[in-house]
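Visitor: Protein chains in written order, with the numbering used here: chain Y, 1 to 306; chain A, 307 to 612.
Hints listed in this document are in silico derivations from the structure and should not be mistaken for laboratory results.
From the three backbone atoms N, C-alpha and C, an ideal C-beta is built for every residue, glycine too.
Take the hints with a grain of salt, since some may be wrong.
Computed spacing ranges between beta-carbons, pair by pair [as the list claims (entries may be wrong)]:
#: 1; chain 1: A; residue 1: A611; chain 2: Y; residue 2: A272; range: 55 to 65 angstroms
#: 2; chain 1: Y; residue 1: E81; chain 2: A; residue 2: H488; range: 46 to 56 angstroms
#: 3; chain 1: Y; residue 1: R61; chain 2: A; residue 2: H488; range: 26 to 36 angstroms
#: 4; chain 1: A; residue 1: H493; chain 2: Y; residue 2: H187; range: 22 to 32 angstroms
Each computed SDA-like pair below joins lysine to any residue, with the alpha-carbon atoms no more than 25 angstroms apart [said to hold, decoys possible]:
#: 5; chain 1: A; residue 1: K425; chain 2: Y; residue 2: S230
#: 6; chain 1: Y; residue 1: K119; chain 2: Y; residue 2: S230
#: 7; chain 1: Y; residue 1: K119; chain 2: A; residue 2: R486
Here chain A is said to cover these stretches of chain Y; the calculated rule only asks that three of the stretch's residues, wherever they fall, bring their Cβ under 8 angstroms from a Cβ of chain A [claimed, not checked]:
#: 8; region: 176-189
#: 9; region: 228-237
There are 2 protein chains.
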Amino acid sequence: MTDIVDWVAVDWGTSNLRAWGIAADGSVALERHSDRGMGRLTRDQFPAALNGLLEDVKGARSGPLDVLICGMAGARQGWLEAPYLVAPTDLRALLASAVRPDMPDGRLAPSILPGVCQKAGADNVMRGEETQLLGLAATQPGFSGMVCMPGTHSKWAELAGSRIERFSTAMTGELYEVLRTHSVLRHSLTGDLDGPGRAEGFALGAQAGLDHPDKLLGTLFQVRAGALLSDRQPDWCAGYLSGLLIGTEIGGNRHLIGQAAVPLIGASALCALYAQVLAMIGATGVPHDSTAIVLAGLKAARSYAA
Amino acid sequence: MTDIVDWVAVDWGTSNLRAWGIAADGSVALERHSDRGMGRLTRDQFPAALNGLLEDVKGARSGPLDVLICGMAGARQGWLEAPYLVAPTDLRALLASAVRPDMPDGRLAPSILPGVCQKAGADNVMRGEETQLLGLAATQPGFSGMVCMPGTHSKWAELAGSRIERFSTAMTGELYEVLRTHSVLRHSLTGDLDGPGRAEGFALGAQAGLDHPDKLLGTLFQVRAGALLSDRQPDWCAGYLSGLLIGTEIGGNRHLIGQAAVPLIGASALCALYAQVLAMIGATGVPHDSTAIVLAGLKAARSYAA
Chain Y
1 MTDIVDWVAV
11 DWGTSNLRAW
21 GIAADGSVAL
31 ERHSDRGMGR
41 LTRDQFPAAL
51 NGLLEDVKGA
61 RSGPLDVLIC
71 GMAGARQGWL
81 EAPYLVAPTD
91 LRALLASAVR
101 PDMPDGRLAP
111 SILPGVCQKA
121 GADNVMRGEE
131 TQLLGLAATQ
141 PGFSGMVCMP
151 GTHSKWAELA
161 GSRIERFSTA
171 MTGELYEVLR
181 THSVLRHSLT
191 GDLDGPGRAE
201 GFALGAQAGL
211 DHPDKLLGTL
221 FQVRAGALLS
231 DRQPDWCAGY
241 LSGLLIGTEI
251 GGNRHLIGQA
261 AVPLIGASAL
271 CALYAQVLAM
281 IGATGVPHDS
291 TAIVLAGLKA
301 ARSYAA
Chain A
307 MTDIVDWVAV
317 DWGTSNLRAW
327 GIAADGSVAL
337 ERHSDRGMGR
347 LTRDQFPAAL
357 NGLLEDVKGA
367 RSGPLDVLIC
377 GMAGARQGWL
387 EAPYLVAPTD
397 LRALLASAVR
407 PDMPDGRLAP
417 SILPGVCQKA
427 GADNVMRGEE
437 TQLLGLAATQ
447 PGFSGMVCMP
457 GTHSKWAELA
467 GSRIERFSTA
477 MTGELYEVLR
487 THSVLRHSLT
497 GDLDGPGRAE
507 GFALGAQAGL
517 DHPDKLLGTL
527 FQVRAGALLS
537 DRQPDWCAGY
547 LSGLLIGTEI
557 GGNRHLIGQA
567 AVPLIGASAL
577 CALYAQVLAM
587 IGATGVPHDS
597 TAIVLAGLKA
607 ARSYAA
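Put together the whole structure using the sequences plus the hints.
Guide: In structure tokens:
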């Protein structure tokens, strides 16, 4: 079976590779995905990975098929480095700064969008999230304010239309994983982590984090002490740790959030937890489907051709 | 060779076992140490470990030789659980709450001192540090104020003479290790970590932690971003991470510290780093030799027999 498309949108992350064939009317004509993320590939394996994923896809016009890529494929350790735009910057400039890696045959014409960095004493980087932010700007015209993208490394960005003013990265998800797996807390986090105590632990941990975001190094140990002294079970401890970290993240950004409606872009279960904690400070989390947002961002980036 | 002593002081931690034979005049007649810490022993191996360490040691009097033990030997997963005293409490009561494990022969008469716990919504535990705190109280009569015990799990205790009013535990040292070893930051922390950039990184990280202890989840990522964007080397990154964590720990306790002289009990290199950061907020760190302090604590505990 051959699929005919106008161009191909690609989100090439560390762990996953996802592609959408876009028809002439802008609809999604086909989807492809594989586990050949940047982290599993050497530099010279990228062309074959892309060709393999799209081998049965044909362009509607003669000549090479445009493939627009965002994400870690453009990292220094990826396929071809796409140098960062420097925030503050207008994300409509993404395509004008894309890099174009060579392909062994002329069938596909890939472009890789740049990430965004921040310097001047607040060093930070993103790759992939900038395209989601442009997608949010495209689907919510006129939006200005804080956007939260929960995940392994949560991004908080201040958006003004299609401009990204500044951003930060919280290592919340990764800290949960390394503490659960490698720290003394693991003794309290072995067993059924999704039992009925999880919700109570989450609420208490989130409140502790919101109340005292400056005390994280100390409150973390209460996961262990609670298990030793108060017979807290693994589900409660997992909820407490998760709530404590998310509460601390949101508590540390409270002055930037106020009581706004905060767009949340990420996995839906995680966005629901962030929305719960945002509600505890009188703000509102508004979940967005991350696949729809990244696709909107790739379409928007393409629409702002130089 | 046989050594004749009045009694034996023992610090039995997770990783190490240390013993001092105390002569009738209170001086240290002999020292022994081994790596047979609590973490390496099953419950039934403790008697032989103690007998082996002290096999050539004889008491000055007839009858069993008193051995006074502090530390993790009294943990639930240790030799024999010594139930916690509950803070606030007077540490002169340690010996009265000791437990006395059986020995296969009657040559040694061990007593294990309890740890101290804290409940009522601020669950916390210590084992070993309470004896050091009593040692500090004995060597600094009349001292009242915050005491810091830097380490894998740093303890901060509010002492009033021999009373411990309340305490907290910061997972600072352990967080440094798990982030260095298991997180994305490891990519920036491989190589020579003790180069000349370490001191500059430490000072900058400490200032960031002191300025914004509520931002730790975000500033942690700057270790990685600084390596990617500003070509920060592994020594700088290691210093920054260390400074950031210690600065955050001290920054989060700033309201309790003020500009006091804070006794520091721990490894001397680590205490020097804490003293450097305390000086940045106008306080003073006063290092104490941890071996001398634990020995003073065991002597003091013995002197307050029930």
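Visitor: The structure should be examined with respect to each hint, and the outcome stated for every one.
Guide: These are the hints, each one checked on the structure:
no.	hint	result
1	A:A611 <-> Y:A272: 55 to 65 angstroms	holds, 58 angstroms
2	Y:E81 <-> A:H488: 46 to 56 angstroms	violated, 26 angstroms
3	Y:R61 <-> A:H488: 26 to 36 angstroms	violated, 49 angstroms
4	A:H493 <-> Y:H187: 22 to 32 angstroms	holds, 28 angstroms
5	A:K425 <-> Y:S230	holds, 8 angstroms
6	Y:K119 <-> Y:S230	violated, 46 angstroms
7	Y:K119 <-> A:R486	holds, 23 angstroms
8	176-189	holds (count 6)
9	228-237	holds (count 3)
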